[in-house]
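Novice: Sequences and hints are given; from them, build the entire structure.
This is what each chain is made of:
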Amino acid sequence: MLYAILSIFLVAAVAPVVHRLTGRASGWVLGLLPAALFVYFLSFLPAVSSGESIVLVWPWMPGLDIQLSFLVDGLSLLFALLVSGIGFFIVTYAGRYLQAHRDLGRFYVIILAFMGSMLGLVLADNLIALFVFWELTSITSYLLIGYNHEDKDARKYALQGLFVTVGGGLALLAGIIMLAMAGGSWELSEILNNGDVVREHALYLPLLLLILLGAFTKSAQVPFHFWLPRAMAAPTPVSAYLHSATMVKAGVYLLARLNPSLGGTDIWFTTLALFGAVTMFTGVFLAFRSTGVKKVLAYSTVMALGTLTMLIGVGTETALLAAMAFLLAHSLYKGALFMVAGILDHEAGAKDFLQTGGLRSALPVTAAFAILAALSLGGVIPLFGFVAKELMLEAVLDAPGLVGILSLFAVLTAILGVAVAAIVGIRPWFGARADTPKTPQHEAPVAMLAGPAVLASLGLIFGLGPGLADQGLINAAAASVQGAPVDGYLALWHGINLPLAISAFSLVAGGLLYWRWEQARRALAWVDRAAEYGPEKGYFKMMDGLVWISEWQTRVLQNGYLRYYVIVTVAMTAGLVGVTAQLFEVSVGTLHFERLQIHEMAIIAILVASMLFAVLTRSRLGAVAALGSLGFTVALVYVLYSAADVGITQVLVETLTVILLVLVLFRLPGFLNLSSSALRVRDAGIALVTGGMITLLILSTLDARLFPSISQYFIEESEPSGYGRNIVNVVLVDFRALDTLGEIFVLALAAIGVYAMLRFRAEDRR
Amino acid sequence: MNMSVALPVILPLFFGALSVMFWRSHFAQRSLGVLGTGAMLLATIWLLMETWEHGHVVMEMGSWPAPFGIVLVSDMLAAIMVVLTGIIGFATAIYSLSGIGKMSEKFGYYPLLHLLLAGVNGAFLTGDIFNLYVWFEVMLVASFALLILGGERSQMEGAIKYVTLNLLSSMIFLTAIGLTYGLTGTLNMADIGAKLATVEDTGLVTVIAMLYLVAFGVKAAAFPFFFWLPASYHTPKVAVSALFAGLLTKVGVYALFRVFTLIFNQEVDYTHEILLWVAAGTMLTGVLGAAAHYEFRRILSFHIISQIGYMIMGLALFTPLALVGGVFYIMHHIIVKANLFLISGITFVMKGTHELRQMGGIYRTNPILGVLFLIPALSLAGMPPLSGFFAKFIIIRAGIEAEAYWVVAVALVVGLLTLYSMIKIWAEVFWKAQPEGVEGEIHDVSSGPMIWMWIPVIMLAMMTIAIGLYGEPIYQMALMSAEQLLDPSQYIEAVLGVQE
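Going line by line, the protein sequences match chains W and Z. When the letters of the first sequence are read in order and numbered with my numbering, they come out as residues 928 to 1693. When the letters of the second sequence are read in order and numbered with my numbering, they come out as residues 19 to 518.
There could be a bad hint or two in this list.
Simulated DEER-style distance windows between Cβ atoms [said to hold, decoys possible]:
(1) W1479(W) / M480(Z): 39 to 45 angstroms
(2) A35(Z) / A1536(W): 42 to 48 angstroms
(3) F45(Z) / L1473(W): 48 to 54 angstroms
(4) W70(Z) / L1395(W): 56 to 62 angstroms
(5) W1479(W) / V217(Z): 43 to 49 angstroms
(6) W470(Z) / S1603(W): 53 to 59 angstroms
(7) V52(Z) / G1465(W): 50 to 56 angstroms
(8) F45(Z) / I1586(W): 53 to 59 angstroms
(9) T337(Z) / H1519(W): 42 to 48 angstroms
(10) L53(Z) / Q1026(W): 42 to 48 angstroms
Computed list of lysine-lysine pairs in DSSO-like fashion (alpha-carbon distance at most 30 angstroms, straight line) [what the hints assert, rightly or not]:
(11) K1365(W) / K1222(W)
(12) K1079(W) / K1468(W)
(13) K1278(W) / K1079(W)
(14) K442(Z) / K1464(W)
(15) K1222(W) / K1468(W)
(16) K179(Z) / K1222(W)
(17) K1222(W) / K1464(W)
(18) K1083(W) / K1464(W)
(19) K1079(W) / K1464(W)
(20) K442(Z) / K1079(W)
(21) K442(Z) / K1468(W)
(22) K1083(W) / K213(Z)
Quick caveat, the hints were computed from the structure, so don't treat them as lab data. Where is the CB? At the ideal position from N, CA and C, for every residue including glycine.
Specialist: Okay, here's the thing in structure tokens:
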């Protein structure tokens, strides 16, 4: 299993080479891989349909409980077969559709990587492995949507899709970490058996909401539905793949997967059923009033995703069976229809239904399969779409709650769904021959027709013999979702009942709506204006706001003024020290003025006087001189406390500094006072507070002195072990020689730096 | 006596001095550059192996017994840090063969490089708080000289801000050392830790901890002390930017990790709560700064800040898993960040600018570079299965387990915004067509003298992937360092011997 998935990534890596070697046939050659995988997955079918589930484990980062473990049961196998089966048709289709495109080699890399990620996602048993593949689908689909990357819109909408799905993905990450904590395991196969524990855990509500956020963004539920139609910026094979079997179904897959452990609560039912129903209706409504070929199909995908979410939320056995049947039906007809859309574009140059009409005679084969798929979309007997729709209506009418609302949405959706199916299945093929941008010269090539033909035919075969589907896999899949075996079955004919009546009614009403399509669209023009305030607007506002906030905060914080940076740093220091001292009630050290001697007072007086003079004087020279006197006085303090060496060093440094400063002074422009007095007072305040704070801190430390100093050791060992009577020298060159070594290199570095600073520019100009 | 802990400091000092002697020979400088950093890389790997085996490797300088002399100590964290220094140093040296230019070589680029690395390694390995200050000085002066190498006006402006703020930090650090010495009478960090562990009145100790917080916060470019970094990192030669981006701030982070586990572990509820706020602020301001910019290196610079936040968050949460996450994050970040800067150097050679708006079309002309960019860029944004994902995952998981939900939320949002910035660069530099009226490819980078620039980029990208695909050893190393950090008595015993 691991090798199956790895093989895709490996083949993806060499795809450009394969493409170069095989040229026109590259689609077929690379298509062999998904075909082989399809067969491989089929080999699991007997075991899985008899109710087994298989877990395969490879260690990855065992210390973090991350493994590459895979779970093969009805649900994951259904998805794996769809991903690899439809994947085969997509790759071969793309080989022809993008034949002339210069980046076809790169396209294969990304689409195969995407396929591998999707397979990993649906097969993963480990939560982190699942998340890894989940994010990989986001990234690879970003690269696919932005495939025409020199087009500004393609980049923009690729980013939009990425931002929405990855944003949801981050919520999902937090959600699954909590799920693992609540369920006591990182393996789905264990968590799913622990449903009761999870549902009663304190984290149930937050983890549920986070996971739903992840699933809803990925599966384009209202209000996140806007990114999906925009993703049509991708080449048509990508749209076909993303919509039929993969990307957008990932969220639905997750909901279905986690149903045994998260489902069955009121909040689960209410949230999923309502969001699903609203999404379902919104999707079909927007599809009905769109005219772009891909747009209509994209919105009808939103409808399907809403339906699936709603059914999983309803959660009865019928509903889950309906969900799985609907999933299969939708994948088949939607894959076929998108590929047909590509043929329309490829052969007739038509991207809008209004441009099309009467193409039946020019593209007879395409038309036949398109109509077949559209019938399934509309839920017309005897297609598989009909079976699924009947079951869906039955499930909604038997829902454990909210029957009124859900039924209303379901009936409306059924009606509009028929109308949309009519748009897709009638408009391009019948009626007067429209002037398409290109006149179709011939039927589409085999590589492009194979997909629609097989997928649409399967819709008919499963419709006529639903037992093929349910005994094969649908029952097993529904059982995985329910977490228990399923007794129900699929049937074409349920007898004359309410769902059948609704179906019949919706056929008539939908047909009428299609007949009045033009008028209906015009009557609904207000929707465009309403969309101005829709969630997509919100997305763009949010992005603008993000940039605005970042620019604002950067202007404020990183404003370019060094003095401001210094003030913030110093004030923060004082603040942290002050607040902490307050909180911990640190005792302030005491000063013993009575011990002060006369010469010490004199030194203090000189220090204060020099300091004040340096601050207040308006002459640079005066300030430098005052600083010098400050330094010499400090040297005096050292001498007074018998640190003669340090005192001498201080005197030398001060002298040198003053001389250098004076030399530089003559090259500087005149003295300017740029700060207002208010600012100077503020700065003085900060300086005084900080200085005072540090002084108090030193006093407290001196009072506290908790331990004897190591200097006693230096005093004792200096002569016997260090062979020197000058303790400071021995400390510098022996006890702590490494410090001195470091400082020597500091000086050398400074010399190099100064040399480079002075000479680099001069030499560079020469 | 185990020399392995001294070599990572001695070797670069030696090669630094040696290349000063061959001041005028470009050939000698370049050879010594690669040779010296290569030797240092091997030495650091040796040290890592020794540390892995023994837990701690200690060496007393001049054989003066601790706590009186200076000790070099390697625990797992320090060993990891020096190996990363070795990797980045070596990568930079190779890159510089093509990327630094004759003029910089003439004015001491290679000696400065060696000595900067010596300073960085010294800071990681020293067990003495004042000696740490000395290595900070070495780093500061070396980095200042590297920063102004090139003599551009913007470099000067950036360097002045850099030096002023870092000197301020040094001053605060020195004050803190003085106070610590006054309180404990010792400079040996293990000794300080051991002594402060017995103190009952922790108020004054916590106040002094605040000074260290500020001093190292400035070095680490944490909020609200980060101003020097965006002011300077986009100005020097790209190789220098990459070196700084990889290593310098991480020394500050390392110092925070060191003192806030070994020394200041008395009032964790207070000190680490502050660190948590600092972490959140750092993550947010950094990523917002990046969102506001359209210059390749400025964006990357602001992201350094933002990711320092993740590391500090690992320290602040102060659970075993969180520290694992922090250390893992540091490892991942150094490799990825340096690589992104190196890539910006290649695109600069191609386009002659760092302005995103004037670049474009590289994915068309040079898809390999596109892939090489995507690997570290997506890793930085925490996308699986690259190194950054696991780093982020561990920290997020630790945050949730510690019930620090608000900071987890910040970290997640910041992750999304990081992706936004990286995608911005990707879309503008690689996907977009070359804008009209702007000169196209200036230099061919795929052959000739520019070939050296590719080697480190490829090397670091492979490491990013390797950590993602086979991260268990990295995790085990991070785990061991976290266990050591949370049990300071191991460090103290290794340095001072068993105490009763």
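Novice: Between K442(Z) and K1464(W), is the straight-line Cα distance small enough, at 30 angstroms or below?
Specialist: Since the Cα atoms of K442(Z) and K1464(W) sit roughly 20 angstroms apart, the hinted pair holds (cutoff 30 angstroms).
Novice: Tell me if the straight-line CA distance from K179(Z) to K1222(W) falls inside 30 angstroms.
Specialist: 55 angstroms, violated
Novice: Taking the beta carbons of W470(Z) and S1603(W), is their distance inside 53 to 59 angstroms?
Specialist: Roughly 54 angstroms apart at Cβ, these two residues keep to the hinted range, so it holds.
Novice: Could you say whether the range 42 to 48 angstroms given as a hint is met by the Cβ separation of T337(Z) and H1519(W)?
Specialist: Once the Cβ atoms are compared, 47 angstroms apart, the range 42 to 48 angstroms for H1519(W) and T337(Z) holds.
Novice: K1083(W) and K1464(W) were given as a pair; does the straight-line alpha-carbon distance stay at or below 30 angstroms?
Specialist: 14 angstroms, holds
Novice: Evaluate the given range 42 to 48 angstroms for the C-beta pair formed by L53(Z) and Q1026(W).
Specialist: 53 angstroms, violated
Novice: Has the given pair, K442(Z) with K1079(W), been kept, meaning a C-alpha gap of at most 30 angstroms?
Specialist: Within the cut-off at roughly 13 angstroms; holds.
Novice: For the pair supplied as a hint, K1079(W) and K1464(W), is the alpha-carbon distance within the 30 angstroms limit?
Specialist: 18 angstroms, holds
Novice: Confirm or reject the claim that F45(Z) and I1586(W) have a C-beta distance inside 53 to 59 angstroms.
Specialist: 41 angstroms, violated
Novice: Quick check: does the Cβ-Cβ distance between W70(Z) and L1395(W) fall within 56 to 62 angstroms?
Specialist: 60 angstroms, holds
Novice: Is the distance from the Cβ of W1479(W) to the Cβ of V217(Z) consistent with 43 to 49 angstroms?
Specialist: 45 angstroms, holds
Novice: Should the hint that V52(Z) and G1465(W) are 50 to 56 angstroms apart at their CB atoms be regarded as holding?
Specialist: 54 angstroms, holds
When the structure is compared with the earlier hints, violations turn up for hints 8, 10, 16 and 22 and for no others.
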